[in-house]
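Participant: Assemble chain B onto chain A, guided by the hints.
Number of protein chains: 2
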Amino acid sequence: MPADDGRKRVVIEGVSPEIDGGRFPVKRTVGESVTVEADIFTDGHDALAAVLLYKNEGDETWTEVPMSFLLNDRWSAQFQVDKVGRYHYTLQAWVDTFQTWRRDMVKRIRAATDADVDYLVGVQLVEDAAGRATLPDRNRLQRWAEALRTSSRAAALDEEMSLLMARYPDRRFQANYPKELPVTVDRERARYSAWYEFFPRSVSPEPGRHGTLRDATAHLSYVRDMGFDIVYFPPIHPIGKTHRKGKNNSVIAEPDDVGSPWAIGADEGGHKSIHPELGTIGDFRKLMAEAKRLGLEVALDIAFQCSPDHPYVKEHPSWFRQRPDGTVQYAENPPKKYQDIYPFDFETPDWRGLWNELKSVFLFWIGEGVRTFRVDNPHTKPYAFWEWVIGEVKNAHPDVIFLSEAFTRPKVMYALAKLGFTQSYTYFAWRNTKWELERYFTELTKTQVREFLRPNLWPNTPDILTEYLQFGGRPAAVIRLVLAATLGASYGIYGPAFELFENRPRESGSEEYFDSEKYQLRHWNLNRPDSLYDFIARVNSIRRDNPALHRDWSLRFHRTDNENIICYSKRTEDSSNTVLVAVNLDPHHTQSGWIELDPEEIPPETHRPYQVHDLLSEARYLWQGQRNYVELNPKIVPAHIFTIRRRIRTERDFDYYM
Amino acid sequence: MPADDGRKRVVIEGVSPEIDGGRFPVKRTVGESVTVEADIFTDGHDALAAVLLYKNEGDETWTEVPMSFLLNDRWSAQFQVDKVGRYHYTLQAWVDTFQTWRRDMVKRIRAATDADVDYLVGVQLVEDAAGRATLPDRNRLQRWAEALRTSSRAAALDEEMSLLMARYPDRRFQANYPKELPVTVDRERARYSAWYEFFPRSVSPEPGRHGTLRDATAHLSYVRDMGFDIVYFPPIHPIGKTHRKGKNNSVIAEPDDVGSPWAIGADEGGHKSIHPELGTIGDFRKLMAEAKRLGLEVALDIAFQCSPDHPYVKEHPSWFRQRPDGTVQYAENPPKKYQDIYPFDFETPDWRGLWNELKSVFLFWIGEGVRTFRVDNPHTKPYAFWEWVIGEVKNAHPDVIFLSEAFTRPKVMYALAKLGFTQSYTYFAWRNTKWELERYFTELTKTQVREFLRPNLWPNTPDILTEYLQFGGRPAAVIRLVLAATLGASYGIYGPAFELFENRPRESGSEEYFDSEKYQLRHWNLNRPDSLYDFIARVNSIRRDNPALHRDWSLRFHRTDNENIICYSKRTEDSSNTVLVAVNLDPHHTQSGWIELDPEEIPPETHRPYQVHDLLSEARYLWQGQRNYVELNPKIVPAHIFTIRRRIRTERDFDYYM
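Those protein sequences? They're chains A and B, same order as listed.
Going by the working numbering, the first sequence wraps up at 658, each residue one higher than the last.
Going by the working numbering, the second sequence wraps up at 658, each residue one higher than the last.
Derived by calculation from the structure, the hints in this document are not laboratory data.
No experiment lies behind these values; they were computed from the predicted model shown.
Watch out, some of these pointers could steer you wrong.
A few chain B residues facing chain A, derived, Cβ under 10 Å [stated by the list, open to error]:
{"no.": "1", "residue": "Pro2"}
{"no.": "2", "residue": "Lys8"}
{"no.": "3", "residue": "Gly14"}
{"no.": "4", "residue": "Phe69"}
{"no.": "5", "residue": "Leu70"}
{"no.": "6", "residue": "Ala111"}
{"no.": "7", "residue": "Ala115"}
{"no.": "8", "residue": "Leu120"}
{"no.": "9", "residue": "Glu347"}
{"no.": "10", "residue": "Glu631"}
If you want the footprint, here are the derived chain B segments under chain A, 3+ residues with CB under 8 Å [stated by the list, open to error]:
{"no.": "11", "segment": "351 to 362"}
{"no.": "12", "segment": "373 to 383"}
{"no.": "13", "segment": "411 to 417"}
Below, a sample of chain B positions facing chain A; criterion: calculated Cβ distance under 10 Å [claimed, not checked]:
{"no.": "14", "residue": "Asp5"}
{"no.": "15", "residue": "Val10"}
{"no.": "16", "residue": "Asp43"}
{"no.": "17", "residue": "Arg103"}
{"no.": "18", "residue": "Asn333"}
Where is the CB? At the ideal position from N, CA and C, for every residue including glycine.
Bound conformation, chain A alone (with noise of 0.2 Å):
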């Protein structure tokens, strides 16, 4: 028999969102509602009652909202979210005897079988309430069971009454549900950011000279004039000299080589530590007051591996393996071999003494104002571990984003993504065809997957300059910034590749860059009058002006008769500010079709004609109905950006639009 009352005759259950039986929770920002929905139902026609409670973590009670009946058992609420840090929800429901009772008398009334019985039964529970009723709610519920007394229908009836009933339920067997389901609540630059990577030493206005945190810091307007709202740095620590890579990963470096920013540690120091050529920790302040001055927000790298030369090797020897000639493991993926990178041993007997340490790593740059950490490689380190250390660490300043630089299988990428990364590289950068497109935004967008992974999208790194990138040319560059910076509410990309649409692979095949800065300076002409840098900077402008593309739940794609143009659209709660996309995917050749919006987007009974505005080209075009015709040139722009517009109203000969 049952612990608990075996009266408690609700079943609470199917909620949503609840992530893994509520193991992880969901992620929203500041200002954003959950939506909460469950399967509640008792035995046989008893009326319900149910609500949604939730608190912030700091709350000492809850708040509760009353849910609505849906259709199919189902019931909803939502709830706001107004505090960065923690909130959890529950439900709680129960029959609701009032409720029961006069729906019954409704039907009864109108029947005429209503008996004295039936109205003493009323009393019963007005005046059970009554008990539970404060004054002088208490003396009103007298007064109506009174009235009821006298079998007056008018009572049995009277709204008031039973809105005043609903304030005193009888909620003694009401059921629980078992769960305190978690919400992380970020700030809003997790839900949309624009990104941009540059290398430091590579801004040097001299060429051949190593540039320093002082030329990044002069170089910062550059970026934010192109209206980027975070600029991310490869690592900026000593770079190790045991096993260096050359030029374009050459294993043999040559004495001038730079060697790679993510061979991390030297004598000079490790993961707190600023690579002496890039200057000093008082230049890295100057920096960060430079970008907070301009608006922009600093992102390092955090790749928790180690050169040979890292002060960890001779400090921690045990946090690294030690093979049985007594050398330490370097990176491996049989037969390649790493010596450059020794990996941490998670496996490590210490491996507490460990974990603080890399925690401490980010504590430290948070104490020098940083806030955003684009973490390398994430997993090859243990997932325990991130859960642990980003919990820590957004216990303490809840305000931290992470992003996952995580590509590999789609499990784990949502592993990291739910264990707590607050942003998720994506497989967008391999994603070109409509269908391709279309399938994957949909599961990012319109799956349980929205609920705790963040896309961000990046049409190169580093390390991906993808075949379309390659063989595409400016117009690709066009195409895929257009996609980024428009399906996605967050997107990146790494820079003055991008913007000088630098398209040569080290080698046919590959998708590394040829001349990678990764191995070697590189100086930019950043004047080229071919540069994207204006039309970046437009698509940004238009991106802060449109709030529909501040988020990514209301993607919606629209059907084409051309598998070479897509289109899709997104808009804001209110549908005040709607944006409609279509893209020519083909960066050859001129691409026309007809576009077919969906009559969620535009109604069909949208007689009259409505105005789209190109926010790239600044052209107008009045549309009409669901089908519209585009066409697409690559040489010119191979895509619209539009806001619609609908018509208010007529005068005479004269449009008026919102």
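Facilitator: Then chain B, alone, in the frame of chain A:
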């Protein structure tokens, strides 16, 4: 930091089957297997090993089954359940350090980059395993370690050593799936059963005389010879007199009206007594003995409600809702009143007393040899009660079968199945078109629903005479019988109304039978030449002979070019028996069309003809390829039940089929 060891690097998630996070068991019958899948992965690229563990509730220890890798981080294993009762299963997985090393050695040796130190790493692993091994394996492993110490490529690649090592894995950092998931194992009849319902009081050989249990005993061979497994009786308890219902549910009974068997309880007793007009407990025991002799099982109807004359009403007034005027609350669906029925008040403070008494009703009849119960309207009693009482009964008598008679909203029906009902009535009676049938049976047999709900298909019941049966005449009954008996491994009919295709409703628009046996005696002319008796016997015989029809999960629908023709197949796991059914859903007209067999059933490379043998008509047809023609005349037989016989060899002009 995890209290647990932070070195447990493997993640186990997405386990299936797992009903509501393990809250409810999956269902199987003896001899069936449970195929368990899970997403299992670790960080990095290490090789994994995983095991499925299971045990019967009586076992001391778990049995381990190695899991196989499928694809996309999905692993699988299965186990067979061979005892009635409860099983549990769970999962464990660990990084397989030896297989990781061996896989890397294969690559190194292939690229000739293998170094002495790589072998020494292997030596360590093999020596560690030797430490875990028992003799003589310990010595064998020591010898392998010595061989590896000489950098022997042959030793590193040796299969025998690899198999030996797999027996002594290093499971120190093994991940344990945190749940032990339950399986309820029933006897075969829970999965595969043909039910026949009749009213004992209507089988008196003399018209007008109240039938008795002795008459029913004599009638059992009629049921057995029609091929049924289970004979099910409406309640056989004393029938109340107060507010007794008359013929055709009239609110005023004539003095000779027999009343509804569901108005349970009178001076002569309640749920543990036999209605005096039916006979005595002695007669019941004789009936049970005769049923056993015939190989028939007896199912009783458990309807937990009382007539006003039930002894409980006086003995336990607190089990009923007392109204303020001192009367007892009768059943009501305002404005309808059912004054002949008092429902139990499950919110009584004495709910424990009520629960225990109701449990004792099951135990009483189990004491009389009953092992199968059809539970009336379970959705009007609390879910917690059913979960408890079914659990209690099955703990002591795991072979008991509970059929849930809930015709209500889908989530409620699923909830009852999840909490323990062995079989469930379904919406089958109202699914008549091809689209409806395909959609519904896909939900029942291809989704997670099949793990907990075993459908039992009834074309009619004493409460349900569907419009399809009202207007379709004898062909409609034939069609619904074939569908029920072949779509469902379990099905049932309410007879003799069914085999005599009684089709007059009480009134137009009603699904109640006219002159329903629920309220009066009926005398049936069982020898009518148009009775479906022989046809039903043939269908039941086909069911028995064809194991493909003993299970539901293999159900597969095939395309047809005529919406009135539905086509589907079932087969045994080993494909030794395949049954293909084609039914004309139109009871009025001959329909013909092409059916296109799913290539999973008939591979497209099947160029040779194959034989389909209609077990109803004994006709045999030679078919070829996917598309074949059928023509079904409802005046003759509106269905084919084929077995497929694939040709095995040809000698000159003679064909041999297996």
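Participant: Should the hint that B:Ala115 touches chain A count as held when the rule is a Cβ pair under 10 Å?
Facilitator: holds, 9 Å
Participant: Does the nearest C-beta of chain A fall within a distance shorter than 10 Å of the C-beta of B:Asn333?
Facilitator: Given a least distance of 7 Å, the restraint on B:Asn333 holds.
Participant: Less than 10 Å between beta-carbons is the criterion; does B:Leu120 satisfy it with respect to chain A?
Facilitator: Since chain A brings a Cβ to about 4 Å from B:Leu120, closer than 10 Å, the hint holds.
Participant: A closest beta-carbon separation below 10 Å is what the hint needs, so does B:Gly14 meet it against chain A?
Facilitator: Hint on B:Gly14: holds, closest Cβ of chain A at ~7 Å, below 10 Å.
Participant: Taking the closest Cβ pair, is B:Ala111 under 10 Å from chain A?
Facilitator: holds, 3 Å
Participant: Counting residues of the segment 411 to 417 of chain B that have a beta-carbon nearer than 8 Å to any beta-carbon of chain A, does the count reach 3?
Facilitator: holds (count 3)
Participant: Does the CB of B:Arg103 sit less than 10 Å away from some CB of chain A?
Facilitator: Since the shortest Cβ distance to chain A is 8 Å, the answer is holds.
Participant: Taking the closest Cβ pair, is B:Val10 under 10 Å from chain A?
Facilitator: Interface hint status for B:Val10: holds (9 Å vs cutoff 10 Å).
Participant: Would you check whether B:Asp5 satisfies its interface hint, that is, whether its CB is within less than 10 Å of any CB in chain A?
Facilitator: This interface hint holds because 8 Å falls under the 10 Å limit.
Participant: Quick check on B:Glu347 please, does its C-beta sit within 10 Å of some C-beta on chain A?
Facilitator: OK, holds: B:Glu347 within 10 Å of chain A, min 5 Å.
Participant: When the nearest CB of chain A is found for B:Lys8, is that gap smaller than 10 Å?
Facilitator: Interface hint status for B:Lys8: holds (7 Å vs cutoff 10 Å).
Participant: Interface hint check: B:Asp43, Cβ to nearest Cβ on chain A, cutoff 10 Å. Holds or violated?
Facilitator: holds, 5 Å
Checked against the numbered hints above, the structure breaks hints 4, 5, 10 and satisfies the rest.
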